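There are 2 protein chains.
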Amino acid sequence: MITLKTVQETREITESWIKQGLKIGFVPTMGCLHDGHVSLIKRARSENDKVVVSIFVNPIQFGPNEDFERYPRDLGRDCLICEKTEADLVFAPSVDEMFPCHNLAFVDIKELGDYLCGAKRPGHFRGVCTIVSKFFNIIRPDRAYFGEKDFQQLAIIQQMTLGLSFSTQIVACPTVRESDGLALSSRNSYLSDVERRAARVIPKSLDLARNALAGGERDATTLKNIIIQKVATEPLAMVDYIEVVDATLLKPIPRIDRPAIVAVAVFIGETRLIDHFLIEEGF
Amino acid sequence: MITLKTVQETREITESWIKQGLKIGFVPTMGCLHDGHVSLIKRARSENDKVVVSIFVNPIQFGPNEDFERYPRDLGRDCLICEKTEADLVFAPSVDEMFPCHNLAFVDIKELGDYLCGAKRPGHFRGVCTIVSKFFNIIRPDRAYFGEKDFQQLAIIQQMTLGLSFSTQIVACPTVRESDGLALSSRNSYLSDVERRAARVIPKSLDLARNALAGGERDATTLKNIIIQKVATEPLAMVDYIEVVDATLLKPIPRIDRPAIVAVAVFIGETRLIDHFLIEEGF
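First to last, the sequence lines map onto chains A and B.
Just so we're aligned, residue 153 is where the first sequence starts under my numbering, counting upward by one.
Just so we're aligned, residue 153 is where the second sequence starts under my numbering, counting upward by one.
Hints listed in this document are in silico derivations from the structure and should not be mistaken for laboratory results.
What you are looking at is a predicted structure, and each value in this text was computed from that prediction instead of being measured.
Heads up, a few of these hints could be off.
Since the list gives no way to pick one copy over another, a pair counts as held whenever it fits inside one copy or between any two copies.
[To be verified] Under the rule of at most 25 Å between Cα atoms (straight-line distance), these lysine to any residue pairs were calculated in the SDA-like manner: (1) K301 <-> R410; (2) K236 <-> L174; (3) K403 <-> P252; (4) K175 <-> Q160; (5) K157 <-> A399; (6) K262 <-> V159; (7) K382 <-> Y267; (8) K236 <-> D359; (9) K236 <-> D266; (10) K175 <-> R349; (11) K262 <-> S246; (12) K262 <-> N217; (13) K376 <-> N340; (14) K403 <-> E167.
Based on the sequences and whatever the hints tell you, model everything.
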């Protein structure tokens with residue numbers, strides 16, 4: 153496995169692979185890799201000739217009061233995981249390497265970012281789209297792998313890829329969970345033991361909503377209240393948002409009468425965690 | 153020479169060229185080709201193994217009250233010119249081919265579009281950046297050729313290419329002019345004979361400002377007034393803007409104390425034409 157820090161060297165290697173007709177799978181990450189990332193890398197490994205993992209904590213997708221500075225970084229450990237998962241190339245540039253001068257160019261998406269995390273984190277998805285575009289232009293992957301856990305990001309990246317005529321195929325990979333149901337996230341590492349136990353309330357509250365749905369409940373407000381009431385039982389938890397949105401347009405809907413997503417963002421202490429479940433056609 | 157209308161076929165050909173190690177030069181146009189375009193294609197021809205010309209009147213760079221509908225289109229004539237200039241591939245997609253569904257993704261630039269045409273044509277440069285990004289992603293050119301006549305577009309494309317880490321090199325080509333000084337533009341074809349004669353006032357007014365500059369004048373307002381007064385002598389001409397801007401940041405400056413651009417947009421009848429001259433370091 154090669155680890156590179158410069159755009160130029162990475163471009164040269166991926167260009168040589170392309171000229172050899174090799175297919176490139178790409179897994180963009182902010183490091184602090186967990187089993188969710190590992191599942192993406194394994195999937196990429198099984199579907200491509202070469203696998204590139206980027207490790208870059210992207211400053212432009214963090215708001216001014218967010219956790220850019222304290223976001224966990226451990227490149228040594230991440231590279232070991234990539235090596236074990238048989239990645240071919242880790243691209244781990246510095247912020248100066250990716251943004252050598254005041255950056256005026258950006259990529260963004262209309263509409264899909266209007267609600268959910270897009271509403272709560274202004275500029276976040278612009279930062280994501282811009283950095284993913286840059287990585288696509290440097291690496292030129294045939295396929296790129298994103299977790300379904302960040303479903304709004306996934307939908308936006310799919311829209312961006314189509315809309316800007318990238319040739320990269322976006323591959324969605326299922327959320328990986330702990331045994332108690334908590335979705336894996338690098339931010340879970342912020343949680344103290346007490347907070348970690350408190351965080352169980354997130355998947356549990358979603359389970360309650362799913363049960364109500366199975367029992368025939370279709371009203372979005374009722375489903376949201378079930379979640380709110382459950383989260384309220386946990387003193388360390390505070391709701392950031394709970395939304396029921398159309399699964400395609402990601403706009404709030406009052407009733408479950410089409411494919412939909414029930415999505416939450418909850419603060420556990422200082423740590424903001426997101427989770428959701430999908431209600432498919434013919435639920 | 154091949155003429156293609158689909159993204160898929162164009163991608164396949166350019167990908168096969170890339171795998172063969174061939175260098176691709178790209179000339180994006182809206183058709184209605186004139187000697188300015190020809191100079192771009194010839195330059196691309198001399199510097200690359202393969203030359204791609206796109207011919208596409210891009211709807212998203214026109215404002216609601218602009219000339220998208222009446223913009224001149226003559227694909228047959230354009231293809232003859234491309235063939236004669238030894239292009240290898242003309243990519244001439246339909247609007248539906250480039251925008252098969254409601255497009256939510258866009259590329260834009262901050263600051264460089266705040267003045268000049270950017271201020272007068274809201275959304276114009278966003279439309280330009282988005283379509284050029286799409287073409288870059290489809291064609292993956294090594295070099296792309298743009299005329300200096302549209303200097304704000306050129307600066308914005310250069311900024312976009314750097315900022316989004318495109319590997320394409322942007323090549324700037326000099327403005328081509330008629331013998332009476334009028335800069336070539338596809339929009340010149342809108343002009344009646346009377347209007348065509350009236351349009352001479354544009355390069356003439358710039359010449360007067362250049363002469364004043366050579367005579368020591370450094371005040372931006374004085375230079376602008378010289379142009380305004382000259383244009384006012386032509387009843388068919390109406391100033392849209394006259395600006396003196398910093399040559400790097402494209403922001404208005406009160407005095408010529410650094411490299412600068414004197415830029416005008418003038419309506420001749422219904423037809424809006426632009427022109428400028430550059431004041432280099434050590435003028």
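A quick look at each hint next to the structure:
For the homomeric pair K301 and R410, the shortest alpha-carbon distance inside one copy (20 Å) is at most 25 Å, but the shortest distance between copies (52 Å) is not. Taking the shortest alpha-carbon separations for K236 and L174, only the intra-copy value of 21 Å comes in at or below 25 Å, while the best inter-copy value is 37 Å. Taking the shortest Cα distances, K403 and P252 sit within 25 Å of each other only across copies (22 Å), while inside one copy they are farther apart (37 Å). In this assembly of identical chains, K175 and Q160 lie within 25 Å of each other by CA distance both inside one copy and across copies; the values are 20 Å within and 18 Å between.
Taking CA atoms no more than 25 Å apart as the test, K157 paired with A399 passes in neither setting, with 38 Å inside one copy and 33 Å between copies. Within a single copy, K262 and V159 get their C-alpha atoms only as close as 29 Å, which misses the 25 Å cut-off; across copies the closest is 23 Å, which meets it. For the homomeric pair K382 and Y267, the shortest alpha-carbon distance inside one copy (23 Å) is at most 25 Å, but the shortest distance between copies (53 Å) is not. Taking the shortest Cα distances, K236 and D359 never come within 25 Å of each other, neither inside one copy (34 Å) nor across copies (68 Å).
Taking identical chains as interchangeable, the C-alpha atoms of K236 and D266 are never at most 25 Å apart, the minima being 39 Å within one chain and 50 Å between chains. Taking the closest pair of Cα atoms, K175 and R349 never come within 25 Å of each other, the shortest separation being 42 Å inside a single copy and 58 Å across copies. Only between protomers do K262 and S246 lie at most 25 Å apart by alpha-carbon distance; the minimum there is 23 Å, versus 29 Å within a single protomer. With identical chains, the CA atoms of K262 and N217 are at most 25 Å apart both within one copy (24 Å) and between copies (23 Å).
For a Cα distance limit of 25 Å, the shortest separation of K376 from N340 inside one copy, 24 Å, qualifies, whereas the shortest one across copies, 61 Å, does not. For the homomeric pair K403 and E167, neither the shortest alpha-carbon distance inside one copy (40 Å) nor that between copies (38 Å) is at most 25 Å.
Hint check: violations occur at hints 5, 8, 9, 10, 14; the rest are consistent with the structure.
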